[in-house]
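K.L.:
Residues 1 to 69, numbered by this note's numbering, are exactly what the sequence shown covers, in order.
Keep in mind that the hints were calculated from the coordinates and are not lab data. The beta carbon of each residue, even a glycine, is placed where N, CA and C say it ideally should be. Be aware that a few hints might be false.
To be verified - Below, in silico cross-link-like pairs of lysine to aspartate or glutamate (DMTMM-like), each with a Cα-Cα straight-line distance of 20 Å or less:
hint	residue 1	residue 2
1	K60	D45
2	K62	E4
3	K62	D45
4	K20	E4
5	K60	E4
Unchecked claim - The calculated label-pair distances, taken between Cβ atoms and stated as ranges, are:
hint	residue 1	residue 2	range
6	R49	E18	17 to 25 Å
7	E65	R13	28 to 36 Å
8	P64	I16	21 to 29 Å
9	P68	G8	31 to 39 Å
10	P68	Y25	33 to 41 Å
11	S53	M6	33 to 41 Å
12	S50	P10	34 to 42 Å
13	K62	E18	19 to 27 Å
14	N14	R49	28 to 36 Å
15	A1	Y25	13 to 21 Å
16	P64	S26	14 to 22 Å
17	A22	K60	16 to 24 Å
18	K62	T9	13 to 21 Å
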Amino acid sequence: AAHEIMLGTPAIRNLIREGKVAQMYSSIQTGQGQGMQTLDQNLTDLVRRSVISAAEARGKAKIPENFPG
1 AAHEIMLGTP AIRNLIREGK VAQMYSSIQT GQGQGMQTLD QNLTDLVRRS VISAAEARGK
61 AKIPENFPG
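Kindly generate the complete structure, drawing on both the sequences and the hints.
P.N.:
Right under this line is the structure:
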């Protein structure tokens, strides 16, 4: 199963408080060192490990262009 991980960091809490939901994706991307992970990052890992195909990932991805093939 593919998943996204978002932690309630001060930056994320501030974005939620200010209603800047669209900017949360970027914060999740840059928060990988803190344990956060976007759905696309997880899909990339699943494709790399041959758990799913690029076509399957493309169908679920936020940015389908990241999964050519």
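K.L.:
Evaluate each hint against the coordinates.
P.N.:
Going down the list of hints, with the structure as the test:
1. For the hint linking K60 to D45, the alpha-carbon distance of about 14 Å falls within 20 Å, and the restraint holds.
2. With a C-alpha separation of about 11 Å, the suggested pair K62 and E4 falls inside the 20 Å cut-off, and the hint holds.
3. Restraint check for K62 and D45: satisfied, since their Cα atoms lie roughly 15 Å apart, inside the 20 Å limit.
4. For the proposed pair K20 and E4, the alpha carbon gap of about 18 Å is at most 20 Å, so the pair holds.
5. With a C-alpha separation of about 12 Å, the suggested pair K60 and E4 falls inside the 20 Å cut-off, and the hint holds.
6. At about 37 Å, the CB distance of R49 to E18 disagrees with the hint of 17 to 25 Å.
7. Range check, E65 to R13: Cβ separation about 31 Å, and the 28 to 36 Å hint holds.
8. In this structure the hint that P64 and I16 lie 21 to 29 Å apart at CB holds, the actual value being about 26 Å.
9. The supplied range of 31 to 39 Å is met by P68 and G8, whose beta-carbon atoms lie about 34 Å from each other.
10. A hinted range of 33 to 41 Å for the beta carbons of P68 and Y25 is inconsistent with their spacing of about 21 Å.
11. Taking the beta carbon of each, S53 and M6 are about 26 Å apart, not inside 33 to 41 Å as hinted.
12. The hinted range of 34 to 42 Å is satisfied by S50 and P10, whose Cβ atoms lie roughly 37 Å apart.
13. One distance hint, 19 to 27 Å for the beta-carbon pair K62 and E18, holds here, with the actual separation near 21 Å.
14. A hinted range of 28 to 36 Å for the beta carbons of N14 and R49 is consistent with their spacing of about 34 Å.
15. Under the hint 13 to 21 Å, the C-beta atoms of A1 and Y25, about 20 Å apart, fit the expected range.
16. A C-beta distance of roughly 18 Å is found between P64 and S26, which places it inside the suggested range of 14 to 22 Å.
17. For the pair A22 and K60, the supplied restraint of 16 to 24 Å holds, since their beta-carbon distance comes to about 19 Å.
18. Remark: the range hint 13 to 21 Å for K62 to T9 is upheld by a beta-carbon distance near 20 Å.
In summary, the structure is inconsistent with hints 6, 10 and 11 from the numbered list given earlier, while agreeing with the others.
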